[in-house]
Amino acid sequence: MKKTKKPNFDRPGTIIGDSTELSVAVLKSTEPIKITGKFIGDIECSSSVVIGGTGYVKGNISAEFAYVCGIVEGNLDIVQTIQLARSGNIQGSIVCGNLIADEGAILNGACTMRSPQSTSNEYLD
Numbered sequence: 001m002k003k004t005k006k007p008n009f010d011r012p013g014t015i016i017g018d019s020t021e022l023s024v025a026v027l028k029s030t031e032p033i034k035i036t037g038k039f040i041g042d043i044e045c046s047s048s049v050v051i052g053g054t055g056y057v058k059g060n061i062s063a064e065f066a067y068v069c070g071i072v073e074g075n076l077d078i079v080q081t082i083q084l085a086r087s088g089n090i091q092g093s094i095v096c097g098n099l100i101a102d103e104g105a106i107l108n109g110a111c112t113m114r115s116p117q118s119t120s121n122e123y124l125d
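Numbering (this note's numbering), first residue to last: 1 to 125.
Misleading hints may appear alongside valid ones.
As the list claims (entries may be wrong) - Distance ranges between label pairs, derived from CB positions:
# : residue 1 : residue 2 : range
1 : Gly13     : Glu73     : 21 to 27 Å
2 : Ile100    : Glu73     : 19 to 25 Å
3 : Gly104    : Lys28     : 29 to 35 Å
4 : Ser115    : Val24     : 16 to 22 Å
What the hints assert, rightly or not - Lysine-lysine pairs mimicking DSS-like chemistry, simulated, CA-CA at most 27 Å apart:
# : residue 1 : residue 2
5 : Lys58     : Lys38
6 : Lys58     : Lys28
7 : Lys28     : Lys38
Bear in mind the hints are in silico, worked out from the structure with no lab data behind them. Since the model is a prediction, treat every value here as computed from it, not as a measurement. Positions of the beta carbon are idealized from the N, C-alpha and C atoms, including for glycine.
With these hints in hand, go ahead and build the complete structure from the sequences.
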């Protein structure tokens, strides 16, 4: 039986705080990332990405899990689950295994759901 992964939102290895603005081509991490400031660039993470309520990302995000409370202008490719909070706003297309969206959340773009067989670590290969 395949063991289901759980998101790790508790202890980010990288934090881009409220008063921080960072612009890079690509941010890569194997540990969870939390953004409550402004980030411009792409994110590649083999763990969880959290965009806090004050967070803004302009770029594409690839990760195992994502929790969006702020604004993302770009596409998301999430292997497992995207959680979109009431304050979350995604301006771009998403590909994911599961989507959980609170009432009031905004998604302006296409949504493609992976089949259960493809929600593996294929993106990490």
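Consistency of the hints with the structure:
no., hint, result
1, Gly13 to Glu73: 21 to 27 Å, "holds, 24 Å"
2, Ile100 to Glu73: 19 to 25 Å, "holds, 21 Å"
3, Gly104 to Lys28: 29 to 35 Å, "holds, 32 Å"
4, Ser115 to Val24: 16 to 22 Å, "violated, 33 Å"
5, Lys58 to Lys38, "holds, 8 Å"
6, Lys58 to Lys28, "holds, 15 Å"
7, Lys28 to Lys38, "holds, 16 Å"
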